[in-house]
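In the order they appear, the protein sequences are chains B and L.
So in the numbering used here, the last spot in the first sequence is 378, and the numbers never skip.
So in the numbering used here, the last spot in the second sequence is 185, and the numbers never skip.
FYI, nobody ran anything at the bench for these hints, they're computed from the structure.
There could be a bad hint or two in this list.
As the list claims (entries may be wrong) - Derived DSS-like pairs (lysine-lysine); straight-line CA-CA distance at most 30 Å:
#1 B/Lys291 x B/Lys276
#2 L/Lys32 x B/Lys187
#3 B/Lys186 x L/Lys153
#4 L/Lys153 x B/Lys294
#5 L/Lys149 x B/Lys118
#6 B/Lys208 x B/Lys190
#7 L/Lys153 x B/Lys256
#8 B/Lys128 x B/Lys294
#9 L/Lys51 x B/Lys291
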Amino acid sequence: MPERVMFTMGDIACAEGALSAGCKYFGGYPITPATEIAEWMSIRMPEVGGAYVQYEDEIASITSVIGASWTGAKSMTATSGPGVSLMLEAIGLAVMTETPLVLVNIMRGGPSTGQPTKGQQGDVMQPKWGSHGDYQIIALTPASVQEMFDQTVQAFNLSEKYRTPVFVLADETVGHMRERLVIPAKKDLKLEYRKLASGPPEDYLPFKPGDDLVPPMALLGSKYQFYATGLTHDERGYPSDKEHVQIELITRLNNKIIHNADKIIDVEEFMLDDAKIGVIAYGTPSRSAKKAIKDARDEGIKVGMLRFKTVWPFPEEQVARLASQVDHIIVAEQNLGQMYYMVKAEAAPTPVHLMAKPAGMPQLPNEILDKVREINSL
Amino acid sequence: MSRYEIRIGGFGGQGVVTMAVVMGETASLFDKKYVVQTQSYGPEARGGASKSEIVIGEEEIDYPKVQEPDVFIAMSRAAYLEYIDGLKDDGILIIDEDLVTIESDLPEGVTLYKIPATRIADEEVGTKQATNVVMIGAFTAITGMLSVKGLKKRIEERWPRFVDTNLKALDLGMKAGKAALAAKE
Chain B
1 MPERVMFTMG DIACAEGALS AGCKYFGGYP ITPATEIAEW MSIRMPEVGG
51 AYVQYEDEIA SITSVIGASW TGAKSMTATS GPGVSLMLEA IGLAVMTETP
101 LVLVNIMRGG PSTGQPTKGQ QGDVMQPKWG SHGDYQIIAL TPASVQEMFD
151 QTVQAFNLSE KYRTPVFVLA DETVGHMRER LVIPAKKDLK LEYRKLASGP
201 PEDYLPFKPG DDLVPPMALL GSKYQFYATG LTHDERGYPS DKEHVQIELI
251 TRLNNKIIHN ADKIIDVEEF MLDDAKIGVI AYGTPSRSAK KAIKDARDEG
301 IKVGMLRFKT VWPFPEEQVA RLASQVDHII VAEQNLGQMY YMVKAEAAPT
351 PVHLMAKPAG MPQLPNEILD KVREINSL
Chain L
1 MSRYEIRIGG FGGQGVVTMA VVMGETASLF DKKYVVQTQS YGPEARGGAS
51 KSEIVIGEEE IDYPKVQEPD VFIAMSRAAY LEYIDGLKDD GILIIDEDLV
101 TIESDLPEGV TLYKIPATRI ADEEVGTKQA TNVVMIGAFT AITGMLSVKG
151 LKKRIEERWP RFVDTNLKAL DLGMKAGKAA LAAKE
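In isolation and in its complexed conformation, chain L is listed as follows (with noise of 0.2 Å):
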C-alpha cells in the first residue's frame, strides 16, 4: 500500500467531515501512518453538500487531495451522483441503503456494501447524531484499514461526555460491517 484513499460524501450536519478527521487521527497519531484529511463544503451551515478525505500513506503524501478513490463513503444519494464516477474500478462502496439506492450499473469489479447507518444510530445507539461513528465502524470491519484500539483511544479523547454512546456506535457499526462482509462471501 503506498497511496490508499477514501472519499466520505453527505450532507452538512452528518458529520461527514468529523468522520474523516477521528479517521485520520487515528491512522496518524496512533497507526504512525503518513495521512493527509481534506474537506469541501459550501457556505451553509447544514444541508449543502459536505464531501471529505482522507489519504494514507506508508511515504510522505505528496499530492494531498483524493484521486482516485480506494473507498467512497456515500451518505447522500447527491453525493452518489456526484461521485459516484471518480471510484477505483476494483473499489469499495459502501452506501447508507436508507438515503442512497444504486441508480445505474456499477463497474465489475466495484464490491458495494450496504449499511443502514443512519437506522442503526437512530434505532439501536439512540441518536442520529452517532450516524458518522456507525459508519466509521462499519469501514474498519470491512477494509480493516485503522486500528480498533486506535478509533476507541481517539472517541475517549474526543467526545468525554459521549463517551458510551459512541463506542456502543462503533461497536454497532462493526458488526454491521462483519454482517455485510459475511454476506459477500
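So that you can see chain B by itself, here it is in the shape it has in the complex (with noise of 0.2 Å):
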C-alpha cells in the first residue's frame, strides 16, 4: 500500500493508524464521541479480510478482543469512559493473562452519561487505577490527527512487545476534529508482533517469562496447550494460593513495564531551553498551551512546555527534570485535575498550579497567558 493522504478526523485517523498496524479483530459497541471508529472499523475491516463485531454491549465486547487476541489476531476495542468503566474487570484478566489488545477511549464528559458529544479528559486516572489490584497500564495521549494515527499504531507496536492492554485516550476534540492525515507506505512503517511459542510442546511453559520478562504466547489452535486464568498462576499457568507464585507473578507483570518505562515514556518539550515557567498540558489543552507560549515569549516571559504524548508509565523523570529547572510548573488540564497530584508528589518543593477546566471547551489560550503571566509575577 503506497503513500495516502486524507483529510479527516481523529477517530478514522485512529482506525486507519489500528488497519496499517495489521489490526485484524475489532469488536465494539458504538457510543459518542467513539462511534466513528467503530463505523470506519464496520467499513474496512472486510476489505482486509479481517472481522468487525458488534456486541450487545462494552463487557462482552473486550472479553471478545481478548479471545480473538489469543488466536493471534492483533485486536482492538473502541469507547469512550461509560463503556471503560463496564470494561474495567476484563481489563485486569487481559492484564493477568498478559493479552496484547489496544483500547481506545474518545473521552467525553462524564460521571455517568454526562455530556456525550462534549469533550473532557475526565478519565486520565482510570486506566491505571480502575481494575482492582497492582498492575501497571500503558496509555498514550495524542494531541493531533496525526497522532491519532501514530499512537495507535505506536499503541499497537507496544501491546505486542509487552503482552499487555494499552490505552489510547484521546479527547472529543481530537476525536472528531479533520486534519491533514499521512498514512506512511506500509514498508515505511514498523511494526512489532509478539514473540511465540517455539521448542517441543511437551517442554512448553505457557507463562516462563523470557530475559525481558515477557513470556513467548501460545495461540489457540496451535500445538501448544496451555491454560490462561485470571487466577494467580505459575508458569505452567496452573492457579496457586501460594503466597511466592502471587508475589513474582504481580512483581513480574508490573517490573516488564516499570523496567521499560524509558523506552515506553513519550514526551514533548516546546520552548524548555530557558524556560522558568513549565506548563505541563496533554491533548487538546496542549495546543492552548503552545499558542498561549508563543505569546508569553513575545512578552518576554521565559515559559515552556513538556507535553505527555504519554500518561501512564508516568513521566516521573522527565517532570523531576523540569522541576529542578523552573521555578514554578503550571498543569492545564481538561477536568478539575487529575495528572496533576502526579505532577505535584514528582516535582516537590517546586510550587505546582493546577489551572483545571472540567467542560467540553479546552482551555483558551488566553486564559493560559493570564495564567502564566499571573505566575510570572509572583
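Hints given; two lone chains; assemble the complex.
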C-alpha cells in the first residue's frame, strides 16, 4: 500500500492507524464520541480480511477482544468513559493473562452519561486505577489527527511487545477534529509482533518469561496446550494460592512495564531550554498552551511546555528534571485536576499550579496566557 | 495571513458540518494550506443547534478552535444571536437573509452580506438540501479564500451521484456572492 493523504477526523485516523498496524479484529459497541471508529472499522475490516463484530454491550466487546487476541489476531475496541467503566474488570483479566490488545477511549464529559457530545479529560486516572489489584498500564495521549494515527500504531506495537493492554486516551476534540493525515506506505512503518512459543510442546511453559520478563505466547488452535486464567498462576498457568507465586507473578507483571518505562514514555519539549515556568499539558489543552507560550514569549516571559504524549507509565523523570529547572509548574488539563496530583508529588518542592477546566471547551490560549502572566508576577 | 478563522452556525440538518468539511478538504488537500476543522452539536439528529469551524493557516495550527472569526456565516436566528458578539471587529458577516434578521447594531467595521441561500437552493437549484453548497459558493466569491477548481473537484469526488445539482448550487451561490460584493462597492 503506497502513501495516502486524507483530510479526516481523529477517530478515523485512529481506525486507519489500527489497520496499518495490522489489526484484524474489532469488537465493540458504538458510543459518542468514539462511534466513528466503529463505523469506519465496520467498512474497512472486511476489505482487509479482518472481522468486525458489534456486541450487545461493552463487557462482551472487550472479552471478545481478549479471545480474538489469543487466536493471534491483533485486536482492539473503542469506546468512551461509560464503556470503559464496564470494561474495567476485563482489563484486569487482560493484564493477568498477558493479552495484547488496544483499547481506545475518546473521552467525553462525565461522570455517568455526562455530556456525550462534549469533550473532557476526566478519564486519565481510570485506566491506571480502575481495575482492581496492583498493575501497570500503558496509556497514550495524542493531540492531533496525525498523532491519532501514529500513536494507535504505537499502541499496537507496545501491546505486542509487552503482551499487555494499551490505552489510547484522546479527548473528544482530538477525536472529532479534522486535519490532514498522511498514512505512510506500509514499508515505512515499523511494526512489532508478539513473541510466539517455540520448541517441543511437552516442554512449553506458557507463563515462563524471557529475559525481558515477557513470556512467549502460544495461540489458541496451535500445537501447544495451555491454560489462561485470571487466578494467580505459576509458570505452567496453573492456579496457585502460594504466597511466593503471587509475589513473583504480580512483581513480574509490573516490572515488565516499569523496567521499560524509559522506552515507553514519550514527551515533547516545547521552548523549554531557558524556561523558568513550565506548563504541563496533554491532548487538546497542549495546543492551547502552545499558542499561549508563543504569545508569552513575545512579552519576554521565559515559559515552555512539557507535553505528555504518554501519561502511563507516568513520566516521573521528565517531571523531576523540569522541576529542577523551572521556578513554577502549571498543569493545564481538561478536568478538575488529575495528572496534577502526580506532577505535584514528583515536582516537590517546586510549586505546581493547577489550571483546571472540567468542560467541553478546553482552556483558551488567552486563559493560559493570563495564568502564565499571573505566575510570572509572583 | 497567519491564521484565518471561519465560523458557521445553523441548525442540525442544514449541512453546517458537511459544509465546513468540504471547505476544509479543499483548503487542505487542494490549496495545500494548514487546516483544522471542528464542530459542536447537541444529541439531536435534526433541529438542534449546530456549529462548525475552520481555521486555515500558512503554518502549523496550534489552538484548533475558532477564537475570533474573520468570517461568520449565520444560517439560523439562534446561531446569529449566540455568536454575533464573537465576530472580529472588522470581520465579514454572511447571513441567509430569509432566516436571519439583523436585530442590533453591528460594529462599524463589520461588512454584512445577505445571501438568500435557502431560497436559491429551493427555487433555482430545485432542492433545499443544496443550501450549504450555495453558501460555500457565496463565501468563496466574497472572500476568495478557496480555489473554485478545488471546490469543484471536491464536489465531484464527494457526491458522484449529485454532481450536476451541486455544481449548479456552487455556481448560483458564487453569482449571489458576486452580486452582494458588487452592491457594496
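Hint by hint, here is what the structure shows:
no. : hint                : verdict
1   : B/Lys291 x B/Lys276 : holds (17 Å)
2   : L/Lys32 x B/Lys187  : holds (25 Å)
3   : B/Lys186 x L/Lys153 : holds (28 Å)
4   : L/Lys153 x B/Lys294 : violated (37 Å)
5   : L/Lys149 x B/Lys118 : violated (35 Å)
6   : B/Lys208 x B/Lys190 : holds (27 Å)
7   : L/Lys153 x B/Lys256 : violated (51 Å)
8   : B/Lys128 x B/Lys294 : violated (33 Å)
9   : L/Lys51 x B/Lys291  : holds (23 Å)
In summary, the structure is inconsistent with hints 4, 5, 7 and 8 from the numbered list given earlier, while agreeing with the others.
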